[in-house]
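Chains A and B are the protein sequences, given in the same order. So for the first sequence, our numbering puts the first residue at 29; every next one is plus one. So for the second sequence, our numbering puts the first residue at 701; every next one is plus one.
Treat each hint with caution, since some may be false.
[Claimed, not checked] Simulated restraints on C-beta separations:
(1) Pro964/B x Ala42/A: 48 to 58 Å
(2) Pro179/A x Pro964/B: 16 to 26 Å
(3) His40/A x Pro964/B: 51 to 61 Å
(4) Gly65/A x Pro964/B: 21 to 31 Å
(5) Pro179/A x Thr910/B: 32 to 42 Å
(6) Leu153/A x Lys1027/B: 43 to 53 Å
(7) Gly966/B x Val202/A: 35 to 45 Å
(8) Asn776/B x Leu336/A: 46 to 56 Å
[To be verified] Among the chain A residues that face chain B by a calculated CB cut under 10 Å, a handful are:
(9) Phe66
(10) Pro81
(11) Gly165
(12) Glu259
(13) Gly312
(14) Thr318
[Unchecked claim] Footprint (simulated), chain B over chain A, 3 or more residues, beta carbon under 8 Å:
(15) 260-270
(16) 321-331
Simulated from the structure, these hints should not be mistaken for laboratory data. The C-beta atom is built at its ideal place from N, Cα and C for all residues, glycine as well.
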Amino acid sequence: MNRVTDTYRRLHAATRRQPLLPVLLVLLLALSLAYHGFASVTNFRNIAVQASPLIIAAVGMTYVIMTAGIDLSVGSMLFLAAAIESSHPVAGLPTAAVFAVICATGVGMGLLNGLAVALTRVPALIVTLATMQVFRGAGGHITGQQNIDLPANLRGIGTGSLLGVPTPILLAAVVALGGGFVFSRSTFGRYVQAAGSSPDAAVDAGLPTRRVIAGAYALAGLLAAVASLTETARLGAVQPSIGQGYELTVITAVVLGGTSLFGGRGSIGGTVLGALILTTVQTGLVFSGTSPYVFDIVRGGVLLAAVLAAGARWQKTRAGSRPAGRLVPHGTDRPAA
Amino acid sequence: MEHHRKKPKGVIVRTSGVAWCVTVVAGASLALAACSSSANSGSAGGGSAAGKKYTIGVSFDLLNAIRQAEKTSIQNAAKAPGYSVVFDVADQDAQKQASQIQDLIATQKVNAVIVIAQDGQQIAASASLAKAHNVPFLAIDRSIADQQDVTFQITGDPVSDGKAVASQFLAAAKTTPLKVLELVGGLTDQNAIGRRDGFNAAMAGQPGVTIVSQVPTDWNPTEALDGTSNALQKDPTINAIYIPSDFLLPSVQSALTAAGRLAPVGDPKHVFMVTIDGDQNGCKAMQAKTLDADVATPVADFGKQAIAAITAALGGKAVTPKAVEAKGLILNQANYAATSGQVWGCASS
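Full structure from sequences and hints, please.
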């Protein structure tokens, strides 16, 4: 009896912490009952593989949104990283060196965003809207807007497996677990939450908010680059439209996962669940054989639901504990660090 | 704001720093733009039969493999009459395209404009502006809704191309019944809709073919990859795929490879595939015999006929016909050796 009660309590607590968990389970159950072939190991593995690049990029975006920022350039960073990966001097390097170059590129792009946001009074929305164009233009310049096949050694990260587990899933798991650990157990993670939750209090407490904000964007850049490595490896080629509109999907996953667009509240676990739900819905739509127009309606509906839920959470939080007027751009009313 | 009042000096220093940054970035951008525009301008003496120099302004919606080929076809066709070409790309932004065309007409004073419209409705305002300045206005590849101020238009015929694809499926279905996965491009794109509708109309009620799944891709390679994987998972008996553009072909090939289904013609595992465009991806796959047919867009005709229409218009002659729909050329495994030379993507593959 006690064991049953304990299990119930744990489940209840888990559901309270991650309200999306039962949503995902119900969705999987419903689709499994509705469509023959959905409930198979191969299909679940397919969903996990497809969700992996999204999870990786969305973990980075979670950090950015936690600081009350936003990064619209994530899709363009993905493309520029892919373009550099396929360029002649880089593609010819040993595999490990290519990955190192792309990761460094990601950090550089993210740092550019982060420093611009942290050191100026320009809202992140505007900064990253500008860099979105810069990165996509640079990627187009490098590729000449042509499709470029990826050498076989660079495809393993998207198509290989280790002990039967596809590499993208392993990579996404490492990023999610690492991201969750840093988020909840490290000083940087706590600073990120503090900087987004109450920027003025964070500054008053002497936290290095500018470095924290720059660090969050740099991390998002790094993870966008890792997502790029995974995605292009899966595609087997770099194409000019890679990452176009990807920012919307990534932000939807993060917001759906419960991270507040106004900063300070959220979780990596929620983001992972958000990404898995989006991918499951997409797969379910193909299994349903519905009209192609319904795809857009459902995807738009999920985004609308996520935004409305985020708005409701914000209203609740504001009514509960926070003063009005938190909607300030980075850098406003903060002394120099 | 309070901070501004307390430390005005710091603010001034920071503001001037930002101003310097903006200046440096703007300067670098202008230098880059200057390099790009000189690289993008094709000049062949800038002359004409009458001895007057003519410049053609070109505004594309975007730049990808087929647009590169279209750009080359315009530049090549402009060489004979000696026209200069000024080239702009609107990055899929209809507003930006309108500004670029205004700049071409009002500031750069080009003698004619060729566009690939990002938005077939909005571009009508640019056509009216050109007419007001007495500048011939031509559209290629994508049609313009209001033809009133358009001097000449040459486009592909997406419905006819879709029907041509269907003819390949129907021919193959005579020997093997086909269960078809139909990928669809952007649902707001007239070419994608035309290619879909032409295909569906020709396939409707035909024996031996069943469309088992329709998956939208929004012209996005990742969605094409995931959509194909999901459809193959849903129905492993799918043995034919309609790909509405060659540029989605690598995604489909990756999905087939992952499913162990990418095999050449004649292999029992082979999936029958037909695409449209005729780019390098298509030609490579035709050579590898993993692709059965490709309906190639007659890109070279676009440039030739547009420049011919400009020459007529600038010479004061009537341009007839005002609109041309160029049908695609069917390239398949049977005619590959004889026909591939006429396909724009095969020349460079």
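Do the hints match the structure? See the list:
no., hint, in the structure
1, Pro964/B x Ala42/A: 48 to 58 Å, "holds (51 Å)"
2, Pro179/A x Pro964/B: 16 to 26 Å, "holds (22 Å)"
3, His40/A x Pro964/B: 51 to 61 Å, "holds (57 Å)"
4, Gly65/A x Pro964/B: 21 to 31 Å, "holds (28 Å)"
5, Pro179/A x Thr910/B: 32 to 42 Å, "holds (39 Å)"
6, Leu153/A x Lys1027/B: 43 to 53 Å, "holds (46 Å)"
7, Gly966/B x Val202/A: 35 to 45 Å, "holds (43 Å)"
8, Asn776/B x Leu336/A: 46 to 56 Å, "holds (54 Å)"
9, Phe66, "holds (8 Å)"
10, Pro81, "holds (8 Å)"
11, Gly165, "holds (8 Å)"
12, Glu259, "holds (6 Å)"
13, Gly312, "holds (9 Å)"
14, Thr318, "holds (9 Å)"
15, 260-270, "holds (count 8)"
16, 321-331, "holds (count 3)"
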